[in-house]
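Engineer: Listed here are the chains, written in short residue letters.
Protein chains: 2
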Amino acid sequence: MPVGTKGTVKGLTPGDLRGAGAGVVLGNTYHLYLRPGADIVREAGGLHGFSGWDGPMLTDSGGFQVFSLAKTRRIGEGGVRFASIYDGSVHEFTPELTTRVQEDLGADVAMVLDECPPANAGREYHAESLRRTARWAERCKEAHGREDQALFGIVQGGLHKDLRAESLERTVEIGFPGYAVGGLSVGESRGEMLETLAATATLLPEARPRYFMGIGDPVGILQVIALGVDMFDCVLPTRLARHGAALTPDGRINLKNARFRRDFGPLDPECSCETCAGYSRAYLSHLVREDELLGHRLLTLHNVHFTVALCRQARAEISAGRFAGWSAAWISRYEGK
Amino acid sequence: MPVGTKGTVKGLTPGDLRGAGAGVVLGNTYHLYLRPGADIVREAGGLHGFSGWDGPMLTDSGGFQVFSLAKTRRIGEGGVRFASIYDGSVHEFTPELTTRVQEDLGADVAMVLDECPPANAGREYHAESLRRTARWAERCKEAHGREDQALFGIVQGGLHKDLRAESLERTVEIGFPGYAVGGLSVGESRGEMLETLAATATLLPEARPRYFMGIGDPVGILQVIALGVDMFDCVLPTRLARHGAALTPDGRINLKNARFRRDFGPLDPECSCETCAGYSRAYLSHLVREDELLGHRLLTLHNVHFTVALCRQARAEISAGRFAGWSAAWISRYEGK
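Respectively, the protein sequence lines represent chains A and B.
In this text, residue positions in the first sequence follow the working numbering: the first is 77, and each later residue adds one.
In this text, residue positions in the second sequence follow the working numbering: the first is 77, and each later residue adds one.
Don't take each hint at face value.
Same chains, same label: a pair holds when it works inside one copy or across any pair of copies.
As the list claims (entries may be wrong) - Cross-link-like lysine-lysine pairs, in silico, DSBU-like; alpha carbons within 35 Å at most:
id: 1; residue 1: 86; residue 2: 332
id: 2; residue 1: 413; residue 2: 147
id: 3; residue 1: 237; residue 2: 332
id: 4; residue 1: 332; residue 2: 147
id: 5; residue 1: 217; residue 2: 413
id: 6; residue 1: 332; residue 2: 217
id: 7; residue 1: 413; residue 2: 86
Treat the hints as calculated values from the structure; they're not laboratory data.
Quick caveat: nothing in here was measured; it's all calculated off a predicted structure.
All chains, please: the whole structure from these sequences, using the hints.
Structural biologist: Given below as structure tokens:
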């Protein structure tokens, strides 16, 4: 899922996203609640009407942003108080409020409010937190009324496998049409992340979508797919683009590098996106060096196209029963080994 | 002519420009000479090959930027020395060099190197300067070799009608396939500009294109068309867009204004561009308030489309023999009178 933080995948139109083959687009409740406000989005016909994207959409609950962005916050049983990164104004997210806000935003999938403690928060804290998150999940389910919107639960528990199992059990007991694994990819090592995910993913109900929150590098995507994950989101492909970096089957390249100034070939000869079809590495290199809007746009388009195409290919390889071998070969080429 | 300063009309692809009906796209020799360098553009197949725009193109000589941007410059009979705005490195533009650079850039129309003194530079200085500019024009013509590229002359002379007449006579005597009026729209009042232009434009050869350098507001465009001008360029429509301002038949509006936050109608109901067809003022207002790339892109697209459509309409009204009446009514609506 490409991330449209503030109701737009930075630089791209809905038409561009369709052209890139994007399936679900993600919006951030934290940002949209503060700017322009859920009331305006609702009056515009929800995020679909507001942004013009008519495909599937998912909104997070805003919990992650409260815990990662806010300087001031106070968490209690009721919810979490925080100061807006925009103007310092104080707000409180409760399970009921973030559910109502997401109903106003009107995405096809909404998420429960969860706490996402740092990996090193301590076992005691993680245990306390996951139980509160489970209580919040129950309140979210209770508050949720839109029948045309799915509400997904979130599993927490840090890097503690037994706490993950407890969180999963509590969340599945409440019952949701889909489940996310949260609180990973937040500073721990890739190995710790995969180990924890492996212990969690296999316990998730097989008939429900499994959503890993916050991964978007090509290798990471293939690694979590291998563990049974169906959905994931990350700003990485779009953020990299705005820093001049492009994804290719032979690894990530930075177009600011001097060797691209006279490279008149396409960005990725195997890619069919508008950027690779129409422009040279030399031109893209010039655009990103000059911080030109078109450079951000064209690289974003490519990185989204590339990532979506990778996922489609992975799906095809799974269907054909050759995912493991294909994935290993793909990663080895990407990592230049 | 939309301005593609550094080889890109900021935020737009060649496809967008075609869709907006753009005819000629302008590139700035000053910037392209310094970044990425004329050699790289030449190796890429000229500006057309480099940028992917396959329609007509014009490059200026870089003279205007040297005189308006450079902190340090020294002008002599040979040319003008200046310090790059990018890194302070010292360069010299001579008539021969800017002609060769423009041949490398390979636009369909190139311009002679001219000096563009401030309006208040004094009569003596303007007289001296226009004569040097005429001598430079001769050297440019001498140096120019590409037969698939037209080289236009430039008339200077400040606000002095007799000096304008002298500059025009000297430039026409050298003989060019097209002529530009330079050194106006640089700080003098609109009235002074139009008066000087009126006295100049009527003396320009009728069978050659007349290019007014540096005007792009809708009213100004109609005013210079009324005086016989065929071509003009300005960053105004694209720069305004990046500041959140949009052109409409009822005047310029700034989408950061609070009244647009809940305005769910199109930007300009009479416009057929992608922006007006697909997005509301409320969404565009949100994007520009949040400084989103997509906001810059969509407003730029609209402003270019709007300005090009205005020029097409003006051409149709001229053909139908009703330009004066139509133009007066258009301006009066735009100015809200």
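Engineer: Each of the hints needs a verdict: does it hold here or not?
Structural biologist: Structure-based check of each hint:
no. : hint      : in the structure
1   : 86 / 332  : both (20 Å within a copy, 19 Å between copies)
2   : 413 / 147 : neither (42 Å within a copy, 51 Å between copies)
3   : 237 / 332 : neither (42 Å within a copy, 50 Å between copies)
4   : 332 / 147 : both (33 Å within a copy, 28 Å between copies)
5   : 217 / 413 : neither (47 Å within a copy, 57 Å between copies)
6   : 332 / 217 : neither (48 Å within a copy, 38 Å between copies)
7   : 413 / 86  : within (33 Å within a copy, 39 Å between copies)
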